[in-house]
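Number of protein chains: 2
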Amino acid sequence: MERERRTHVPVSISARHLHLQQEHVELLFGKGHELTKYKEISQPGQFACNEKVTLKGPKGTIENVRVLGPLRKHTQVEISRTDARKIGVAPPVRNSGNIAGSASITLIGPKGSISIQEGCIIADRHIHMTPKDADEFAVKDKQRVSVLIEGAKGGVMGQVTIRVNDRYALDMHIDTDDANAFDLKGNEWLKIIAD
Amino acid sequence: MERERRTHVPVSISARHLHLQQEHVELLFGKGHELTKYKEISQPGQFACNEKVTLKGPKGTIENVRVLGPLRKHTQVEISRTDARKIGVAPPVRNSGNIAGSASITLIGPKGSISIQEGCIIADRHIHMTPKDADEFAVKDKQRVSVLIEGAKGGVMGQVTIRVNDRYALDMHIDTDDANAFDLKGNEWLKIIAD
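Line order of the protein sequences matches chains F and A.
Following numbering that gives the first Met the number 0 from start to finish, the first sequence increments by one per residue and tops out at 194.
Following numbering that gives the first Met the number 0 from start to finish, the second sequence increments by one per residue and tops out at 194.
Calculated from the structure, these hints are not laboratory results.
Be aware that a few hints might be false.
Identical copies carry no separate label here, and so any pair may be met within one copy or between two of them.
As the list claims (entries may be wrong) - BS3-like cross-link-like pairs, simulated, lysine-lysine; straight-line CA separation at most 30 Å:
1. K131 <-> K58
2. K184 <-> K38
3. K85 <-> K55
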């Protein structure tokens, strides 16, 4: 008898945000500054910070962009294509952490500003899950799957990356462009339909 | 021998815009005012006007929204979900012309402003074509099809309405949310994959 696969995942909408390396925290918020927690977010150990920056590109700025903790080895800015067009930058679609050759952008904090040569990306659509989840969904780490969306602006999101780690909570992350195009509010359960 | 179907359609991105009835032209731009042509657009007989308005909702405004001509019997405002969230209105996804019970919104012109009880929609994804095109694509007026998009943010747009009229030019129209979510620039040819 074939084992029944799990198929449905909850979806969350990631607004624009950034991760910082300590050196950049200090350049933006002052020497010796440490990130302060505002609230927990869906992935265990991750948190929204009280700290916010302004993003600046050749065509404009976006204010009040929240920093997420904990610290990273390399600063990474995640925005949508809509954001990118507004400020005139051209980030590639990438997995988190894959920033080599990605877009440059300027960050402005209360104590200073920095221009990073690379680190600005549009995060790929992805699903966090544990090894146990992966087994039940019959998928593997780094596999790309498709996800079905019902409704008047329904369709299929392709190129959704599976990310497996025993610290992850089951959650699909999409950006605000995907949410708005498919008319999702971020409280839906969506069906994985292909692998 | 089965006849080969045509499959590919050019895509264009529709930014927010509105169509006006004459009574509203006069309320916004002055008694006796007639719309003036700025430039032709892709559908024969349709044109962008020099006239622009400000859209106002409970949470904010969007300035410089262009009027399209010719006049319509009923004023209709077409925005994206991103726009709608910004100004705090909640338009339904609709075919052009189907405005009964759609969202209310306020229009501000240089000579006056009006609040319309209904008429604000998110335009459904649709493909304009002639009867000859429809025959070659083997589709019918009002039929819903799906369209394939390749690339790092690829997938399938569902619920795409076929619109057949002998005055139409072959063109798929999507809004800026769909364009940005699927990373389209508006110069692509996309494949109809299901009916």
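Status of each hint after checking the structure:
1. K131 <-> K58: Neither: 46 Å inside a copy, 44 Å across copies.
2. K184 <-> K38: within (21 Å within a copy, 37 Å between copies)
3. K85 <-> K55: Both: 10 Å inside a copy, 21 Å across copies.
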